[in-house]
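A.B. asks: Here numbering that gives the first Met the number 0 is used: position 6 in the sequence shown is 5, and no number is missing along the way.
Read the hints as simulated data drawn from the structure, not as lab findings. Cβ coordinates follow ideal geometry from the N, Cα and C atoms, glycine included. There may be inaccurate statements among the hints.
Per label pair, the in silico range of CB-to-CB distance [what the hints assert, rightly or not]:
id	residue 1	residue 2	range
1	E48	A3	31 to 41 Å
2	P1	P50	32 to 42 Å
3	N17	E42	11 to 21 Å
4	Q15	E48	33 to 43 Å
5	V46	C18	15 to 25 Å
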Amino acid sequence: MPIAYIGIGSNLGNRQENCDKTIALLTEKGINVLNRSSSYDTEPWGVKEQPK
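Required output: the full structure, derived from the provided sequences and hints.
C.D. replies: Here is the structure:
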């Protein structure tokens with residue numbers, strides 16, 4: 000079985016909930032999530048004028 004490393008991020012609304020829902024959807028589609036890192040809150044990159 001192939002292994003893939005996927006970066007998930009969000010910059011709108013409840014960011015942590017958005018990422019958690021994304022992981023849940025991947026699992027529902029049969030993707031086995033082996034591990035996940037801690038969550039990090041960072042400053043916007045590139046376009047600085049973004050909602051948070």
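A.B. asks: So, for every hint listed, does it hold in this structure?
C.D. replies: Here is how each hint holds up against the structure:
Taken as a hint, the range 31 to 41 Å holds for the pair E48 and A3, whose Cβ atoms sit roughly 33 Å apart. The beta-carbon spacing between P1 and P50, approximately 36 Å, falls within the hinted interval of 32 to 42 Å. Remark: the range hint 11 to 21 Å for N17 to E42 is upheld by a beta-carbon distance near 18 Å. At roughly 22 Å, the beta carbons of Q15 and E48 sit outside the given window of 33 to 43 Å.
Range check, V46 to C18: about 20 Å between beta-carbon atoms, so the 15 to 25 Å window is met.
When the structure is compared with the earlier hints, a violation turns up for hint 4 alone.
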